[in-house]
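Asks: The residues making up each chain are set out below.
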Amino acid sequence: MMASVVYVVDDDRSILASLESLLASEGYEVLTFDSAQAFLDAPVRTTPGCLVLDVRLRGTSGLEFQRELRRRGNPTPVVFITGHGDVPMSVAAMKAGAIEFLLKPFRDQDLLDAVRNGIELDRSRRMAESQMFELRERYAAMTPREREIMPLVASGLMNKQIASSLQLSEVTVKVHRSQIMQKLKARTLADLVRISDRLSGDAGKV
Amino acid sequence: MADRDEHPASHSLSRPFLQPFLAANAAGLWVAVAITLSLVLVSGFVATMPFARAPLAHSELLLPAYASATGLLEGITAALLFSLYTVQRNRALLFLAAGYLFSALIVPSWLLSFPGLFPAFGLEFGLQTTAAIATVRRIGFPLFVLAYALAPARGIPHGTARRSLIGAIAMVAGMVGLITFAIFASSESLPAFMLDGRRVDRLWSYVPPIALALYGLDMAILLRRRRSQLDLWVGLVLFSLVVELLLISYLGGAIRLSVGWWAGRLYGLVAASIVLLALLAETTMVYARLARTVAAERRVRQNRLTAMEALSASIAHEINQPLASMVTNADAALRWLAKAEPRLDKAEDALRRIVEDGHRANTVVTGIRTMFTTGTQERAELDLNALVEGAVQSASTEAMHGFIEIRTDLAPSPLTVVGNTVQLHHVLRNLIENAIDAVRIGGEWPRRVIVRTRLEAAGEVHVSVADNGTGIASDIVERLFDPFVSTKPGGMGMGLMFCRAVVEAHGGRVWASPNQPRGAVFHFSLPAAMVPAGDAPDMAGADQRGVEQGGAR
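Those protein sequences? They're chains A and B, same order as listed.
Mapped onto the numbering used here, the consecutive letters of the first sequence carry residue numbers 96 to 301.
Mapped onto the numbering used here, the consecutive letters of the second sequence carry residue numbers 710 to 1262.
Honestly, the hints are just simulated from the structure, not real lab data.
Watch out, some of these pointers could steer you wrong.
Unchecked claim - One side of the interface only, derived from the structure: several residues of chain A facing chain B at Cβ under 7 angstroms: (1) Ser99; (2) Val100; (3) Ile110; (4) Ala112; (5) Ser113; (6) Ser116; (7) Ser120; (8) Gly178; (9) His179; (10) Leu197; (11) Pro200; (12) Asp203; (13) Arg231.
Given the structure is predicted, the values throughout are model-derived calculations rather than measurements.
For glycine and all other residues, C-beta sits at the position ideal for the given N, C-alpha and C.
Construct the entire structure; sequences and hints are all you get.
Replies: Written as structure tokens, this is what we have:
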């Protein structure tokens, strides 16, 4: 099993202990916290993880805490557990991006499935993030002229058309084009189109 | 008073509605106003004495106005009394209302038959008709009042109230119709009340004394029985009728349309209006108060429901937590055992936690039972100092785990109170455990809980549990003792509510205050027991039971 960590936040010590044992039996690294604040105070980990959160917490509600995490830019997936859940509560939790909303006492398999899903989600998110990071670095390595030409190439224009619209010689465009392909590690035009899409999508998000 | 005691059922039925009539101040004020005004009026009319028998020419023009005013007043009064009857369902009221209705219904025929009033309509009946009608009305009303005065104030069932109301109205209307028909039909052969259209014959001279005698009899009975404020009002009405009759028949010489005759009529009218106004004001007040009471009751019921809901939610949560923990622990244990290399140590840990959870669930159930079962009413003399020591002892393990020291600072002599050992033990346990939790979460070193007992000068025993923990947020301090309000992780959302319920049931109070420099102090006080030697044997037996009950836990 790849390295992963499950955070459990519940203000009931016996629940905390039982969850720790159950998750540890499946080989997860488990970190338990008896308050939301304790979780926030803990050092940030880079391992993919999932957060198991009780809806009813001392001082704050689990839902409020979930929002607080998002505000702080912590995207760790959340699995909610609660002793007395109602429909509006679960809807609110799911809308805010929770993986699952489980009623205590829950079936162990349900929790383990939810946790596995959460961790997978976190892992792929992290992977996508690191790929994106790499792409941005490659993009940064290009010259301004190359950045100007890249979208034109990606949009399917021929070298001749690009040359005339930028008033460059066709040979120059050809050189730039191979430079772009090399710097972005794109083997084919289709690769380039995909990369361009992701970069522009990222730019749109930021 | 005695009469009301004879009929407890009717008493409880009618009390809410009669209460305002009995509620002294307002009614007393009205009576005073009415009497003063009537005295002023009487003296004013007495001042007209020299001219009392002088006829007022053409004053018959005013008769229709007077008659309609009288009829209307009596009609409204009847309606008011009928409506009071439907609510109060008191048969006596039905007679009174019927009397007013009777009086009101007769007025039109009296007016129509009045000699020389409506010649244009060709309405000219025999000379004696008007007087005969007046006689029936004069004597009929006090008879109805007599029935009212003598009727037992017995409530009658709901359904029959409506039917008997309709029956009464129909009967009165029929009676009035029959009588007037009989009088009109036999207008030629009626006994001679009148000499002419204005002056009375000798026969009439019997009518006022009979009426006066009836008024007097009614008043005497009413004043003697005086079941309610309404009796007083009716007495007042009768008094005004006496004055009216005296003015008409003696001061005015029974000469129609003379100054004295008019004075009497006007006096009667004013008196009736005042009484009606008073009745109206009283009834409005009754209904307003009733509406308020109903609204308040509904609110109380709503609150109780909400509290019960909160309480049951709290109980469900309290039991569900250990249950959830048990299930998860059992799942974990199974998984540890199912591994290729079973981890017995881990499975054992999980099983041990299941045992703890079971005990915890049991504590919750026991707490609830302590709260609700019978037997919690048993009281005995007990020493609060000993109880505190017991509670501290039972909390000591938990305190030790949190590295918390529980100190006791007890009053030097035994603090005897009368109370329920089990309940008070739970109160102390609750407060001490709360304090331990507060210190464990955010206490400063040295972590310490101090339990004090004192005998206060005012015959009160004071117990306080002080901690140097997190303290109480100001926004929650007001609701601290409400159900389902908790600042504590997994804590009894109903713990402090239970404490308050128990302490208040023991005639004490419970409150919280901030501790210096940090933390909170929870206090409760109980009335100290007198220690009379005479009661000792009885109390000792009860004490024994209490201790056994406490020890059995």
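Asks: The structure should be examined with respect to each hint, and the outcome stated for every one.
Replies: Here is what the structure says about each hint:
no. : hint   : result
1   : Ser99  : violated, 17 angstroms
2   : Val100 : violated, 18 angstroms
3   : Ile110 : holds, 5 angstroms
4   : Ala112 : holds, 6 angstroms
5   : Ser113 : holds, 4 angstroms
6   : Ser116 : holds, 4 angstroms
7   : Ser120 : holds, 4 angstroms
8   : Gly178 : holds, 5 angstroms
9   : His179 : holds, 6 angstroms
10  : Leu197 : violated, 10 angstroms
11  : Pro200 : holds, 4 angstroms
12  : Asp203 : holds, 4 angstroms
13  : Arg231 : violated, 43 angstroms
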